[in-house]
Amino acid sequence: MQDNKINKKLSIIAFSGDFDKLTAVFTLASGAASVGYEVNLFFTFWGLNAIKREKKRAPVGKSILAKIFGFFMGGLRVAPVSRLNFCGISPTIFRYMMKKQNTPTPEDLLQASIALGVNFYACEMAMNVLGLDKNDLLPEVKEILGVASFLHLSENGQTLFI
Amino acid sequence: MQDNKINKKLSIIAFSGDFDKLTAVFTLASGAASVGYEVNLFFTFWGLNAIKREKKRAPVGKSILAKIFGFFMGGLRVAPVSRLNFCGISPTIFRYMMKKQNTPTPEDLLQASIALGVNFYACEMAMNVLGLDKNDLLPEVKEILGVASFLHLSENGQTLFI
Amino acid sequence: MQDNKINKKLSIIAFSGDFDKLTAVFTLASGAASVGYEVNLFFTFWGLNAIKREKKRAPVGKSILAKIFGFFMGGLRVAPVSRLNFCGISPTIFRYMMKKQNTPTPEDLLQASIALGVNFYACEMAMNVLGLDKNDLLPEVKEILGVASFLHLSENGQTLFI
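Residue numbers (the working numbering), protein chains in the order written: chain A, 14 to 175; chain B, 14 to 175; chain C, 14 to 175.
The shape of chain A in the complex, shown without the other chains (with noise of 0.2 angstroms):
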């Protein structure tokens, strides 16, 4: 019992931007929530790509730098392979194989996470070097943390760097 309650939960920093990790991340996300686990995820540096409010007009009102990011960071939809380069396989073909296969989209993995209680938190530090505002983000995002904070949630638990 002791033990349930020390281990029931699973703590992911996504820092990467890259399609494949994403996958990763809402992957593990959804399949612990779907089995009972408190599921926190804590996105900083790129990895906050995939929790960007999808924008219709350009930015307004933030520095050029953060424009440049802001275009850089497009969102999920446009999120590169991490081996991009190696023989140019795209998220497309990704993508396409896993309709195929009938595998869950890492925008549907995202939607399972919300639809399954799994905690969305943002990076402080990396919110304030991009230039990025609550507001940018989607709004089941709970809380803009410090990196204290974060650690102390995913006490007791499995974290990992993804």
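Hints are supplied without guarantee of correctness; some may be wrong.
For chains that are exact copies, the list does not tell them apart, and a pair is met inside one copy or across any two.
[Said to hold, decoys possible] Keeping only pairs whose Cα atoms sit at most 30 angstroms apart, straight-line, the calculated BS3-like set for lysine-lysine is: (1) K147 with K113; (2) K112 with K147; (3) K22 with K155; (4) K65 with K113; (5) K65 with K155; (6) K113 with K155; (7) K65 with K112; (8) K155 with K21; (9) K113 with K21; (10) K22 with K113; (11) K65 with K147.
If you are wondering where the hints come from, they were derived from the structure by calculation, not from laboratory data.
Place chains B and C on chain A using the hints.
What follows is chains B and C alone, placed relative to chain A:
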């Protein structure tokens, strides 16, 4: 005593197919197993590359896309270095340095891991996406598992994502 | 109380030599140390780059290959960004944004980590492969360790691979 029981376990989600990261996976696995740890390796995505059975003939009865991936994922011997673009350091140079310094190569470390009783698992979802089945993998692979089963196996220990 | 004892420890295997990932390593390390965590950093492969002592002269008495690596691995100040190929975002832009937002740079965070008592270790096997010895590293590096010793040190805490 309970302390030992809680912690003498190392679980690794082996996601990367890069030569240097796979070297890290097998170094950690064999090092931990040699001092009595239970070690669980869960190969997924590019990491499946490391535990592919070497084939003489072209795969039969697979989709074209699975064949393309079968070609891309050519096994541990052809794994690229993660920072290949960084001045062209190649696995060949690494291997040469390893031999020269009497350091084991990834293939040596894989064999040592097997000999030391490291547990090999493969990720169900990735196998589906990439069109692989159990016959494509080394006979030492114990089971094809989903995320939930792997998280359960790795409870009460240290878990890494590489 | 036992709860605290079990978890107030963060250990990181610092494998990557990328600017952004090293920033993550030192942000986590200094953030955790500042709230009372025991922090252990285990530098291996490209990560050794971050704790190289800066040298005025060319290395003497090393093999040609070690010299080549010595050249490639030029220290924290020349670390590339992990997604350098992604529209050419450079460490220079990052540093500029960090300064502009009053966010500490990786060098600041390294110094903070040292001041806060973070423990620095280097990986024995990687030192051998890359032809480095303890004199090539910052004097703050406490010890050259093997995998088993590091895993033992990091028991009963959270362990990350970055």
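Hints and how they fare:
Taking the shortest Cα distances, K147 and K113 sit within 30 angstroms of each other only across copies (20 angstroms), while inside one copy they are farther apart (36 angstroms). In this homomeric assembly, K112 and K147 come within 30 angstroms of each other (Cα to Cα) only across copies, at 22 angstroms, whereas the closest approach inside a single copy is 32 angstroms. When the C-alpha separation of K22 and K155 is checked against a cutoff of 30 angstroms, the pair qualifies both within a copy, at 17 angstroms, and between copies, at 26 angstroms. Taking the shortest alpha-carbon separations for K65 and K113, both the intra-copy value of 27 angstroms and the inter-copy value of 23 angstroms come in at or below 30 angstroms.
For the homomeric pair K65 and K155, the shortest alpha-carbon distance inside one copy (13 angstroms) is at most 30 angstroms, but the shortest distance between copies (39 angstroms) is not. Within a single copy, K113 and K155 get their C-alpha atoms only as close as 34 angstroms, which misses the 30 angstroms cut-off; across copies the closest is 27 angstroms, which meets it. Taking the shortest alpha-carbon separations for K65 and K112, both the intra-copy value of 24 angstroms and the inter-copy value of 24 angstroms come in at or below 30 angstroms. When the C-alpha separation of K155 and K21 is checked against a cutoff of 30 angstroms, the pair qualifies both within a copy, at 20 angstroms, and between copies, at 24 angstroms.
For the homomeric pair K113 and K21, neither the shortest alpha-carbon distance inside one copy (33 angstroms) nor that between copies (41 angstroms) is at most 30 angstroms. Within a single copy, K22 and K113 get their C-alpha atoms no closer than 32 angstroms, and across copies no closer than 37 angstroms, so neither meets the 30 angstroms cut-off. Only within a single protomer do K65 and K147 lie at most 30 angstroms apart by alpha-carbon distance; the minimum there is 9 angstroms, versus 38 angstroms between protomers.
Comparing the model with each numbered hint stated earlier shows that hints 9 and 10 do not hold.
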